[in-house]
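Protein chains: 8
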Amino acid sequence: MDAGDIRALLHAVANGETDVDTAFLMLKQQPFAELGYAKPDLHRSLRQGAAEVIYGAGKSAEQIVGIANALLEGGQKTVLVTRVDAEKARIIAEKLSFLYHEPGHIGRIGAEPEISAPGSIVVATGGTSDLPVAEEAAFTAETLGCRVVRLYDVGVSGLHRLLAHLGVIQSARVIIAIAGMEGALASVIGGLADCPVIAVPTSVGYGASFSGLSALLSMLNSCASGVSVVNIDNGFGAAYQASMIAHISQK
Amino acid sequence: MDAGDIRALLHAVANGETDVDTAFLMLKQQPFAELGYAKPDLHRSLRQGAAEVIYGAGKSAEQIVGIANALLEGGQKTVLVTRVDAEKARIIAEKLSFLYHEPGHIGRIGAEPEISAPGSIVVATGGTSDLPVAEEAAFTAETLGCRVVRLYDVGVSGLHRLLAHLGVIQSARVIIAIAGMEGALASVIGGLADCPVIAVPTSVGYGASFSGLSALLSMLNSCASGVSVVNIDNGFGAAYQASMIAHISQK
Amino acid sequence: MDAGDIRALLHAVANGETDVDTAFLMLKQQPFAELGYAKPDLHRSLRQGAAEVIYGAGKSAEQIVGIANALLEGGQKTVLVTRVDAEKARIIAEKLSFLYHEPGHIGRIGAEPEISAPGSIVVATGGTSDLPVAEEAAFTAETLGCRVVRLYDVGVSGLHRLLAHLGVIQSARVIIAIAGMEGALASVIGGLADCPVIAVPTSVGYGASFSGLSALLSMLNSCASGVSVVNIDNGFGAAYQASMIAHISQK
Amino acid sequence: MDAGDIRALLHAVANGETDVDTAFLMLKQQPFAELGYAKPDLHRSLRQGAAEVIYGAGKSAEQIVGIANALLEGGQKTVLVTRVDAEKARIIAEKLSFLYHEPGHIGRIGAEPEISAPGSIVVATGGTSDLPVAEEAAFTAETLGCRVVRLYDVGVSGLHRLLAHLGVIQSARVIIAIAGMEGALASVIGGLADCPVIAVPTSVGYGASFSGLSALLSMLNSCASGVSVVNIDNGFGAAYQASMIAHISQK
Amino acid sequence: MDAGDIRALLHAVANGETDVDTAFLMLKQQPFAELGYAKPDLHRSLRQGAAEVIYGAGKSAEQIVGIANALLEGGQKTVLVTRVDAEKARIIAEKLSFLYHEPGHIGRIGAEPEISAPGSIVVATGGTSDLPVAEEAAFTAETLGCRVVRLYDVGVSGLHRLLAHLGVIQSARVIIAIAGMEGALASVIGGLADCPVIAVPTSVGYGASFSGLSALLSMLNSCASGVSVVNIDNGFGAAYQASMIAHISQK
Amino acid sequence: MDAGDIRALLHAVANGETDVDTAFLMLKQQPFAELGYAKPDLHRSLRQGAAEVIYGAGKSAEQIVGIANALLEGGQKTVLVTRVDAEKARIIAEKLSFLYHEPGHIGRIGAEPEISAPGSIVVATGGTSDLPVAEEAAFTAETLGCRVVRLYDVGVSGLHRLLAHLGVIQSARVIIAIAGMEGALASVIGGLADCPVIAVPTSVGYGASFSGLSALLSMLNSCASGVSVVNIDNGFGAAYQASMIAHISQK
Amino acid sequence: MDAGDIRALLHAVANGETDVDTAFLMLKQQPFAELGYAKPDLHRSLRQGAAEVIYGAGKSAEQIVGIANALLEGGQKTVLVTRVDAEKARIIAEKLSFLYHEPGHIGRIGAEPEISAPGSIVVATGGTSDLPVAEEAAFTAETLGCRVVRLYDVGVSGLHRLLAHLGVIQSARVIIAIAGMEGALASVIGGLADCPVIAVPTSVGYGASFSGLSALLSMLNSCASGVSVVNIDNGFGAAYQASMIAHISQK
Amino acid sequence: MDAGDIRALLHAVANGETDVDTAFLMLKQQPFAELGYAKPDLHRSLRQGAAEVIYGAGKSAEQIVGIANALLEGGQKTVLVTRVDAEKARIIAEKLSFLYHEPGHIGRIGAEPEISAPGSIVVATGGTSDLPVAEEAAFTAETLGCRVVRLYDVGVSGLHRLLAHLGVIQSARVIIAIAGMEGALASVIGGLADCPVIAVPTSVGYGASFSGLSALLSMLNSCASGVSVVNIDNGFGAAYQASMIAHISQK
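Chains as they are written, first to last, in the numbering used here: chain A, 1 to 251; chain B, 1 to 251; chain C, 1 to 251; chain D, 1 to 251; chain E, 1 to 251; chain F, 1 to 251; chain G, 1 to 251; chain H, 1 to 251.
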């Protein structure tokens with residue numbers, strides 16, 4: 001409810017179209033559902049340009065179904081559910097029409113999204129082991145209406161694999177650079193691309209990778225400009241922001 | 001030199017317009033200057049959509065002047081110089097026309113930039129002490145052709161100061177959220193805005209802020225979607241990416 | 001045994017009411033039971049205003065029963081047992097009348113507590129996954145004689161869910177703010193409330209949350225005054241101090 | 001502006017006592033001053049029960065004077081200024097009536113506070129070097145209207161020094177336990193007292209004290225219930241919360 | 001494809017021996033296979049003097065077989081596979097002739113390597129528990145054509161065990177020093193040897209060894225010159241570089 | 001083989017009592033057994049005053065038996081084996097006469113030790129959960145010939161439990177202070193005792209105890225003089241040094 | 001005041017030799033001086049076998065003089081003052097007879113100590129830069145009545161320098177092993193000696209030594225038994241405990 | 001003194017050529033000088049193939065001169081002195097013929113070295129600010145008899161600058177890759193080169209570079225094989241090992 005809405009409401013009160021109690025209720029009314037264990041946000045698509053997403057980790061399949069139903073009843077067309085394992089996915093699919101994408105441990109309920117953003121988002125990974133994070137990102141971006149180009153296993157120790165796809169990199173609208181270990185991929189892509197690069201450190205590695213810390217620090221210190229970073233293994237978050245950026249010219 | 005360029009060059013060789021040695025040279029030729037102590041990149045504006053920037057920390061005023069001259073001679077119109085203290089700025093200004101912006105320890109050489117991106121970038125800070133980082137960001141964004149709205153001292157301990165500017169936040173094209181201490185500003189703005197938010201942790205704080213680590217971790221773990229993060233105190237990096245995003249619809 | 005007690009005892013010795021050996025024994029006598037594996041404190045409710053609590057982690061069900069019996073025999077009316085899993089709870093319940101509250105992995109033996117503190121303690125959480133810590137806190141506070149208002153899933157990424165309950169926050173006597181990830185909830189509540197806020201970081205999160213470290217640092221650096229912090233996931237500790245504060249005006 | 005205020009305002013609009021534009025302005029109007037470099041909060045004493053405080057670190061003497069004037073003009077009677085060195089204090093004192101308390105690098109402008117809380121707050125330190133943090137806490141508590149008992153150099157390596165003051169500890173309303181190095185003071189006092197203990201780790205120490213980290217972790221892991229912790233060296237924060245607690249029975 | 005190749009190709013285009021499209025293809029063609037989930041490097045032995053190695057962790061047995069087949073078809077004679085457990089090894093062995101060396105969780109496919117480097121590489125360990133890392137190193141070095149001398153359980157707490165083998169140490173071409181806990185072996189060997197020492201910290205230890213961090217820091221701070229370090233538990237990496245060094249005089 | 005031995009040997013060579021080859025062998029001969037996987041030290045009791053100990057973690061029962069046999073054959077009377085779980089203990093007991101002490105996951109092979117040190121070693125713990133570390137320490141000290149007094153669950157949050165045993169503390173020859181969480185026990189005992197205190201941090205705790213790091217730092221920063229520290233959970237190491245100290249007057 | 005004292009006092013009260021008030025006072029009376037800024041312990045030499053020591057860091061020269069006077073008046077013969085720079089030493093020397101030992105930034109007031117412990121303490125260092133810590137240790141031990149043998153610059157990268165002094169090491173009563181960087185000295189000496197070794201990590205080093213952290217972890221993980229550790233740069237603490245051990249047989 | 005030497009000496013004793021006392025002395029004699037504050041190693045060039053080097057940090061100019069003189073008198077021809085600032089260099093130059101190389105804060109005393117290793121060592125840096133570390137490395141390698149090729153400012157954000165020198169990289173004998181910030185240079189060069197790469201992280205950077213930690217972790221986790229790492233800013237150490245490797249074929 002912004003300034004314009006408030007002013008309009010007050011005019012309605014002033015000229016008697018709306019009575020005081022109704023206006024008070026409207027000013028106070030909250031756009032969320034109250035499930036006890038959760039308060040799903042029914043108006044996020046209005047406020048943020050993308051609908052509410054369910055983070056599945058630490059929620060039971062029943063809770064996920066409950067929140068999804070509240071959102072669908074609230075008018076949301078497509079509900080994305082992240083961090084869902086195959087067993088939970090099976091239970092959800094018994095209650096709701098659920099498209100589960102196992103490689104990214106992610107799925108969606110409801111209508112098939114349509115491509116709504118121009119250009120494409122490139123999802124690049126350093127190695128084969130980064131694939132689950134990459135698929136979380138790719139599926140998220142597709143659900144949010146973006147075209148996605150996958151560019152996997154192009155780590156910097158074999159630079160020619162990356163350079164062979166220079167055209168893809170230089171024509172992207174946004175790039176999501178995903179890598180574990182030393183995380184150098186983000187800097188190298190950042191130096192080659194002329195679009196925003198969102199870096200995702202992964203927990204792939206061992207020893208002094210400290211579960212992704214090495215890649216995270218590496219990416220934060222990237223000597224290439226135009227690179228920002230999200231949390232370790234946060235493919236969803238990178239894709240969410242990438243989609244925001246990809247849709248920006250539509251405003 | 002992309003695939004199209006290579007193909008064109010080969011045709012030229014094939015039909016005798018270009019001789020073999022010239023073609024070889026063109027394939028090998030590097031778009032950077034060799035100063036011994038540095039190799040400034042002369043074609044970055046072609047490759048990355050924004051010209052080469054000089055990171056002033058750890059360089060002498062003389063080296064900065066040398067690199068700037070190489071870039072100007074290479075055809076770059078405006079040269080941004082970051083992390084320059086007042087004394088270095090004075091020496092640079094003796095050799096080159098240098099517009100120094102002391103609050104952000106930053107300056108530029110050459111032509112005044114024109115606004116080239118639609119909408120505006122909001123630069124918000126949690127407190128007064130974050131101002132130097134914010135001014136580095138704001139001046140960078142302006143130099144890169146963006147309109148900037150400054151929204152300082154809107155930290156979450158006095159939420160009404162932020163809510164009073166909800167209109168500014170909800171009409172931004174990109175937001176740069178700058179905060180030290182607990183860095184909660186990024187999450188709160190991330191939850192209110194419908195545009196990409198780039199978070200900049202600052203080293204403002206003491207004790208368990210560990211020189212910005214607390215704010216950095218906080219921002220990486222933001223529960224709001226659409227938030228990405230750059231290095232501690234890296235106002236320049238946030239603004240560089242913000243400018244890339246702001247210009248995106250122009251492509 | 002305080003100064004008054006010592007003086008009284010000495011007078012009794014001086015006028016022959018108490019003989020030397022008895023007095024010596026009384027000066028030396030310790031108010032704890034000796035179980036070999038533990039030394040439960042029998043006089044804590046006298047010394048600290050709240051009775052001895054059993055920390056169940058790392059103790060066998062048999063040890064818990066043994067300590068509880070020692071306390072009950074020592075005159076304690078209600079014994080709180082924290083960090084007990086369902087299996088241990090089952091065994092304890094076979095030996096003693098044990099009210100187990102599974103959501104908080106906590107239970108109590110003995111008499112039902114009565115409300116002994118004025119006002120109420122608000123237990124607020126950032127998300128659904130913080131619920132076990134919140135229930136540990138809520139059950140502890142109730143066992144210690146406090147009224148509790150639960151306010152769950154009011155994280156700062158959807159600020160309106162929190163603002164909708166502003167009245168609850170502003171009428172609380174003490175607030176326990178529980179959050180993982182970036183832990184911003186404590187600062188935001190701290191800025192809105194006019195009562196002490198005890199912040200509990202939780203280990204909810206992944207990647208750079210480092211098992212609660214991110215939330216912990218965030219809360220310690222809170223820009224809001226009036227916020228203090230307990231250990232990660234320490235719902236019990238927060239509630240124990242909150243109860244002390246809530247009872248303070250009764251003194 | 002709470003629910004009651006909104007309802008009253010809407011009635012006034014409905015019956016024509018207030019016109020729409022005025023009401024809109026009142027709904028939007030923010031209780032803070034806009035100084036450009038800062039937005040001091042004019043209504044904090046209403047909202048939080050204690051007036052706005054100026055954190056002096058990273059602010060110039062001029063900025064401090066500016067903010068203080070805004071607060072005094074806004075009706076605040078006493079303004080506390082923390083983290084001020086002697087030189088800044090001298091400049092402030094030229095412009096405003098400033099009572100500077102050098103041991104705590106703290107001062108206040110305006111009216112002398114009156115004792116408004118019952119009982120007393122005990123400020124205890126482990127060693128002589130913790131004195132600056134202790135004096136910041138003591139002066140803050142006194143400015144907020146509390147009686148303070150200072151108990152310095154009672155570290156646990158000479159337990160009899162602490163036990164000699166058992167009476168003081170057991171009659172306190174709130175205790176602030178301040179210690180560097182291993183920070184054991186908080187646990188020992190926590191085990192002896194029957195009131196809330198707020199622990200302040202200090203950066204006193206060397207080597208593996210890691211600038212207060214050791215004491216901080218120690219205090220967070222206190223085996224005594226009823227202990228909460230604030231940031232390293234944050235004497236002000238501990239006293240602010242202690243004052244809130246001390247005033248609680250007056251509500 | 002180096003400068004000479006490019007020049008030759010251009011001459012071929014210039015004199016009509018090669019047409020433009022073929023040349024373009026050759027310039028673009030990449031020496032890697034595209035398996036979708038991986039892009040194995042077919043020319044690494046040309047570029048780096050040692051063939052492509054398969055890092056088995058996080059890959060299925062089927063993926064390992066797929067990559068191995070691609071490499072064998074690409075002309076590679078021996079394929080080393082690291083970090084393979086016994087079960088995966090069994091599956092691989094059903095499809096390909098696989099020599100599995102269980103103590104090092106490592107194996108190779110294809111032709112038996114011949115000794116191609118002069119002298120020998122000494123693999124020394126501090127204790128018995130470092131054996132798996134040592135065997136990974138030893139088997140790798142042997143597969144790459146080196147002679148290996150094993151010197152196990154010569155940790156510094158019983159210095160005479162190490163000094164008894166001084167001859168072995170002083171006649172080595174390269175030494176791989178493997179140790180967990182305090183990692184002092186690297187410094188002591190570094191001070192006794194006159195050849196390069198590559199130190200491998202292991203995750204052997206407990207408590208303040210922090211999974212190898214203690215040994216890693218120790219080795220990086222070695223007061224002996226001539227010591228460099230690889231990642232924790234990275235026996236393969238140490239052996240790969242040791243083999244490079246051992247072969248150096250053959251160039 | 002010390003200076004005296006060398007001189008004697010050379011005299012024997014000089015006067016023909018010993019031939020050159022025998023002398024050379026004697027100079028080279030190593031006092032350890034070579035088992036391939038291990039090199040047990042046969043002369044440690046000569047060199048260090050206490051016989052070789054087998055660290056059982058990461059060794060198979062068969063390896064432990066093999067090493068024990070080598071030591072027994074080498075003349076060692078009693079062999080201590082640490083960090084052995086019940087299953088390994090069962091296998092060892094089938095081959096050798098093995099006294100297993102389950103609470104400390106420790107056992108010994110061979111002759112019963114006799115008390116060889118004057119006075120007694122006090123083993124004190126903060127809580128019940130520290131018992132396994134304490135029993136490792138107590139059994140080690142007993143095996144090395146010391147009298148042990150156990151003082152468990154005397155943590156500082158109930159100081160009277162510790163003060164009740166002041167006599168035990170003040171009459172000890174050495175004290176081993178074992179505690180997790182905040183580790184304050186070491187400082188408090190250090191301040192009360194007039195003998196050396198060896199502190200053992202344990203991994204008991206949760207959250208910000210970071211698996212013993214909190215207790216470790218606490219103990220290293222102890223404000224009490226006369227306290228030194230061993231690795232987290234290293235009951236054996238503390239007892240080994242305590243035994244060295246306890247035997248010192250016998251030299 | 002121990003059990004015997006209490007019993008005697010009570011008998012005196014019972015038979016009228018002592019009146020109640022006097023007895024009460026004696027039970028309450030504290031053996032420390034109250035200076036306001038400090039509470040020096042007057043009976044430590046009784047309770048701990050060594051007199052009170054003044055830690056000079058963070059105290060003014062005036063405070064040091066004040067505390068020293070209180071101790072001298074309380075009957076202490078020699079007062080050790082640690083961490084005193086040359087300037088403070090000069091001021092102290094104007095007021096009191098102060099023997100300042102600059103290499104260790106340490107000094108003593110009062111009577112020359114006499115050798116009171118049998119045997120000698122060896123103070124060994126890894127390098128020349130560890131000298132200040134070593135001299136703090138050596139001077140402390142000498143002040144406490146021990147003979148000291150200095151063995152400097154015997155780091156493990158040149159093992160023969162250490163082995164050349166094997167006799168010194170094997171005849172020591174206690175060894176203090178001081179080293180920075182990788183701290184391997186403690187393990188090597190621990191393996192050679194048959195007496196307790198107290199390890200002191202120093203902040204000597206750079207980069208990944210992290211101000212002594214590397215040496216600290218190394219020493220805590222020592223594979224040699226019989227090694228314990230004190231805080232980084234804590235030469236005093238090591239010597240204090242070493243002196244306790246050296247005096248032990250005198251009891 | 002190896003096995004052959006011992007045997008020869010014993011024969012000499014046996015046949016009377018050498019008397020017992022002389023032999024004893026020879027067995028005991030140490031190849032180091034005793035300066036009190038240091039024990040310079042006179043035989044390192046025999047034992048390690050490179051002469052003793054003086055680490056200048058933390059030593060006075062006088063001490064450096066003293067150690068250098070001992071080494072020169074011991075027969076060493078060239079003495080390298082690292083980490084010397086300009087002022088110390090000036091004092092040393094007054095006493096000895098000292099060639100100071102200011103960019104690397106390094107110098108040498110004595111004879112000019114001759115090129116003794118085949119091929120060349122490439123010293124590459126990511127940026128201009130890494131120059132001091134690079135010059136320490138380059139000067140060290142030159143002093144040890146190696147040819148050095150400097151390749152500065154070839155960081156991965158402008159990959160073409162590195163690729164333009166592919167020939168230099170692919171013809172190197174050893175490469176020293178020096179970089180701060182994200183340290184990606186090591187991985188990229190590691191993937192392009194077929195010789196050993198020694199990576200040197202530098203403390204260049206700010207914020208989350210944590211004084212070189214980010215680059216260090218990055219390099220340890222390099223996905224390229226054949227890369228090992230030395231301490232942060234340790235140009236000397238990298239060059240010392242590089243020289244060992246470069247000289248290897250000469251053996």
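Read the hints as simulated data drawn from the structure, not as lab findings.
Some clues are possibly wrong.
[To be verified] Derived coverage of chain F by chain G (criterion: at least 3 residues anywhere in the stretch with Cβ under 8 Å from a Cβ of chain G; other residues may be distant): (1) 68-78; (2) 88-95.
[Stated by the list, open to error] These stretches of chain C come out as covered by chain B in the derived footprint (C-beta under 8 Å, 3 or more residues): (3) 110-118; (4) 149-163; (5) 214-227.
We put the CB at the ideal spot given by N, CA and C, even for glycine.
Hint check:
For the segment 68-78 of chain F, the stated coverage by chain G is not satisfied: 0 residues place a CB nearer than 8 Å to a CB of that chain, which falls below the threshold of 3. Under a criterion of three residues with beta carbons nearer than 8 Å to beta carbons of chain G, the stated coverage of the segment 88-95 of chain F fails, only 0 such residues being counted. Closer than 8 Å: that is the beta-carbon criterion, and the segment 110-118 of chain C has 0 residues meeting it against chain B, so the requirement of 3 is violated. Using a Cβ-Cβ cut-off of 8 Å, 5 residues of the segment 149-163 of chain C lie near chain B, which meets the minimum of three, so the contact claim holds.
Evaluation of the coverage hint for the segment 214-227 of chain C: fulfilled, as 11 residues show C-beta separations to chain B shorter than 8 Å, against a requirement of three.
Hint violations for this structure: numbers 1, 2, 3, all remaining hints satisfied.
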